[in-house]
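S.K.: Sequence:
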Amino acid sequence: AVLILGLVVAGISLPSAPGFVGTIEYCFVLGLGFFDVDATRALSIGVFYHAISFLTVVAAGTFFMRRYRTSLSKLVREASQIKNLEE
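The sequence shown maps to residues 47 to 133 in the working numbering.
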C-alpha cells in the first residue's frame, strides 16, 4: 500500500492532464506490477480508486454547498469580485 500510494503521489506531482486522468492509473499499473498483478486488473483498480476519490470530494462539496445555501454560480461571481478588487 505504501509503495502504491508513494507512486501515486509522485505521479500527481508531475505535470499532467486535468484531474490527473491517466497518471494515477499508470502509477497503479506500475506499482501493482511489482507484485505481479496483471496490467488489466491493476488498471481497473486504479480507475476504481480514482473514481471513488473523485466522487468523495464531489459529494463533500455538494453537501457543504447545500448546507451553506450557496451555488457554483454564486461562488464564481464572488471569486470574480475578489479578483477585481485585487487588480
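None of these hints come from the bench; they were simulated from the model.
Cβ atoms here follow ideal geometry from the backbone N, Cα and C, with glycine treated the same way.
Hints are not guaranteed to be accurate.
Derived CB-CB ranges, DEER-like [stated by the list, open to error]:
1) 133 <-> 79: 46 to 52 Å
2) 120 <-> 99: 42 to 48 Å
3) 117 <-> 83: 27 to 33 Å
4) 58 <-> 115: 30 to 36 Å
5) 120 <-> 87: 30 to 36 Å
6) 90 <-> 62: 16 to 22 Å
7) 115 <-> 52: 39 to 45 Å
8) 48 <-> 94: 28 to 34 Å
9) 48 <-> 89: 38 to 44 Å
S.K.: Taking 16 to 22 Å as the stated bounds, is the beta-carbon spacing between residue 90 and residue 62 within them?
M.R.: At roughly 20 Å between Cβ atoms, residue 62 and residue 90 fall inside 16 to 22 Å, so the hint holds.
S.K.: Assuming the hint says 42 to 48 Å, is it satisfied by the Cβ distance from residue 120 to residue 99 or not?
M.R.: violated (26 Å)
S.K.: May I ask you to test the hint 39 to 45 Å on the CB atoms belonging to residue 115 and residue 52?
M.R.: With a Cβ separation near 40 Å, residue 115 and residue 52 satisfy 39 to 45 Å, so the hint holds.
S.K.: Do residue 117 and residue 83 keep their Cβ atoms within the hinted range of 27 to 33 Å?
M.R.: violated (43 Å)
S.K.: Evaluate the given range 46 to 52 Å for the C-beta pair formed by residue 133 and residue 79.
M.R.: With Cβ atoms ~49 Å apart, the hint holds.
S.K.: Indicate whether the distance between the beta carbons of residue 58 and residue 115 respects the range 30 to 36 Å.
M.R.: Cβ of residue 58 to Cβ of residue 115: about 33 Å, so the range 30 to 36 Å holds.
S.K.: Are residue 48 and residue 94 spaced within 28 to 34 Å by their CB atoms?
M.R.: violated (19 Å)
S.K.: Per the hint of 38 to 44 Å, is the separation of the Cβ atoms of residue 48 and residue 89 within bounds?
M.R.: Roughly 21 Å apart at Cβ, these two residues miss the hinted range, so it is violated.
S.K.: Determine whether the Cβ-Cβ distance between residue 120 and residue 87 falls within the hinted range of 30 to 36 Å.
M.R.: Violated, since residue 120 and residue 87 (Cβ atoms, about 43 Å apart) do not stay within the stated range.
Consistency with the previously given hints fails for numbers 2, 3, 5, 8 and 9, ordered from lowest to highest.
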